[in-house]
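**Q** Read off the chains here:
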Amino acid sequence: MRLFYHLGRYSIFLRRVFAKPEKHSIFFRQVLKEIDSLGINSLGIVLIITVFMGAVVTLQTAYNIESPLIPRSTVGLAARDSILLEFSSTIVCLILAGKVGSSIASEIGTMRVTEQIDALEIMGVNSIGYLVLPKIVGFLLIIPFLVIIGMGIGVLGGWFAVTFTGVVPTEDYIYGIQFSFKPFYIVYSLIKSVVFSFIISSVSSYFGYYTKGGSLEVGKASTIAVVSSSIIILLFNLLLTQLLLV
Amino acid sequence: MIEIKNVCKSFEHKEVLKDISAVFEKGQTNLIIGQSGSGKTVLLKSLVGLHEVSSGSILYDNRVFQTMTNKERKKLRQEIGMLFQGSALFDSSNVEENVRFPMDMFTDWSLEEKNERVEFCLQRVKLENANKLFPSEISGGMQKRVAIARAIALNPKYLFCDEPNSGLDPRTSIIIDELIHEITKEFNITTIVNTHDMNSVMGIGDKIIFVYKGEKHWEGTKHDIFHTHNEQLDDFIFASKMFKIIKDNF
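Going down the list, the protein sequences come from chains A and U.
Using the numbering used here, read the first sequence as starting at 1 and increasing by one per residue.
Using the numbering used here, read the second sequence as starting at 1 and increasing by one per residue.
Don't take every hint at face value.
[Said to hold, decoys possible] Calculated lysine-lysine pairs in the PhoX-like style (CA-CA distance at most 20 Å, straight line): (1) U:Lys74 with A:Lys23; (2) U:Lys71 with A:Lys33; (3) A:Lys20 with U:Lys74; (4) A:Lys23 with U:Lys14; (5) U:Lys157 with U:Lys45; (6) U:Lys45 with A:Lys23; (7) A:Lys212 with U:Lys45; (8) A:Lys20 with U:Lys75; (9) A:Lys23 with U:Lys132; (10) A:Lys212 with U:Lys132; (11) U:Lys75 with U:Lys18; (12) U:Lys71 with A:Lys20.
For the record, the hints were derived by calculation from the structure and aren't laboratory data.
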């Protein structure tokens, strides 16, 4: 029953999120601030995750292909497809659900328990629209760039791995990542990341906004936001994969 | 003028406010007093619309709040200034940006006009050379002054203060009280202050309402309060030895 309660309240919440902003100039300023705060500040972690992920996927693939009948370039191809299809979008977004999601939930939750949201409401400001819409729009706008950078860095991570370990000749790896390339995989990954970024920003904002109590509850809201966002991302990953790759 | 008529408020099955009626006059500092948990904050939050009342009505200069459309409520809210218990300043904005916020949201003034108004408001609350400081860098008393400056930024008709002295030393409390009182008279605002600080009651209480267990138990001025025969009010006011001594010598 709690699920239906949250679904209903989340729908009402979203309706208020997409109300017309009070002032467009302030809204655009807020969006730029959020692009910096949620996106640019996440670039470091995206780079670290994807470079290591790319390297590990490449090495694991290489060590698991022992048959002399399978060309060594398959390592590059398998690593590229794994990075493009799954790691650059789903895994990066799951990590960002932790970083960005907890940051959003705790920021809005703290504003709630310190009555800053009440102050906005008293002034006649649509607090949900003012606080949440710039976060959603900002994160939606920046996520494709993070994912594309993640893709490039992941493939580069694989190249580092094969170059330094010599498990596969570099030429084979480079041939593999170019072989049978499907541009749709990038589109698929971007579509997923945009959906995931909406889930992260809106679900985390929702749990932060309805925090009740004090600092302990802010921490709890932050944890619930991360867990819920992650589960919803996994669910939508399954759904979108079925819908887009059939 | 704000008038409340038979206001009741319940949370699930718990009745927090029971049939409260009162009139708060313009240009007066109206105090709502009562013990912690008596329903003062719920009453104040119901007055400003942060809680919807279960029954009864709230009238802002004869405009019934309950029957207003969202648009009308929004317009009314721009006539309201509120000082919260914990100041409720925006952490990510500095003092100047906090005071300028309502102007940014609701006026088409130029930056120069807004800055002029910010300077005026900060000078009015006697806070200078703090424009670029963040809330975390200033004292509790200064935070209250910034909150007052923000509350008066758009020349409100109604000012609500929820325990303005909470967490302040006695001297700063008196300064904040006097500031609220001066602003009320100067701008002819209807001010409602929630407090359980007896210094505030004796200092600025033009009109006082005593709330006990969600009911209005007494109404009068700071001069009447010493002659009350209301048992609960008597217990509340003369809880401290100092006030008992004052009463005995009165």
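**Q** Now look at each hint and say whether the structure bears it out.
**A** Here's how the hints hold up against the structure:
Taking the CA atoms of Lys74 of chain U and Lys23 of chain A, the gap is near 14 Å; set against the 20 Å cutoff, the hint holds. The straight-line distance between the Cα atoms of Lys71 of chain U and Lys33 of chain A is roughly 29 Å, outside the 20 Å bound, and the hint therefore fails. Proximity of Lys20 of chain A to Lys74 of chain U is assessed by CA-CA distance (about 14 Å); at most 20 Å being required, the pair is judged to hold. Distance check on the hinted pair: Lys23 of chain A and Lys14 of chain U sit about 40 Å apart at the alpha-carbon level, beyond 20 Å; violated.
Annotation: proposed proximity of Lys157 of chain U to Lys45 of chain U holds, straight-line Cα distance about 17 Å (limit 20 Å). Under the criterion of a C-alpha separation no larger than 20 Å, the hint pairing Lys45 of chain U with Lys23 of chain A is inconsistent with the structure, at around 26 Å. Between Lys212 of chain A and Lys45 of chain U, the direct Cα distance comes to roughly 16 Å. Compliance with the 20 Å bound is thereby established for this hinted pair. The hinted pair formed by Lys20 of chain A and Lys75 of chain U meets the criterion: a straight-line CA distance of about 16 Å does not exceed 20 Å.
With a C-alpha separation of about 24 Å, the suggested pair Lys23 of chain A and Lys132 of chain U falls outside the 20 Å cut-off, and the hint is violated. Distance check on the hinted pair: Lys212 of chain A and Lys132 of chain U sit about 31 Å apart at the alpha-carbon level, beyond 20 Å; violated. For the given pair, Lys75 of chain U sits about 29 Å from Lys18 of chain U by alpha-carbon distance, which is inconsistent with the 20 Å threshold. With a CA separation close to 13 Å, the supplied pair Lys71 of chain U and Lys20 of chain A stays within the 20 Å bound.
Against the hints set out earlier in the document, violations occur for numbers 2, 4, 6, 9, 10 and 11.
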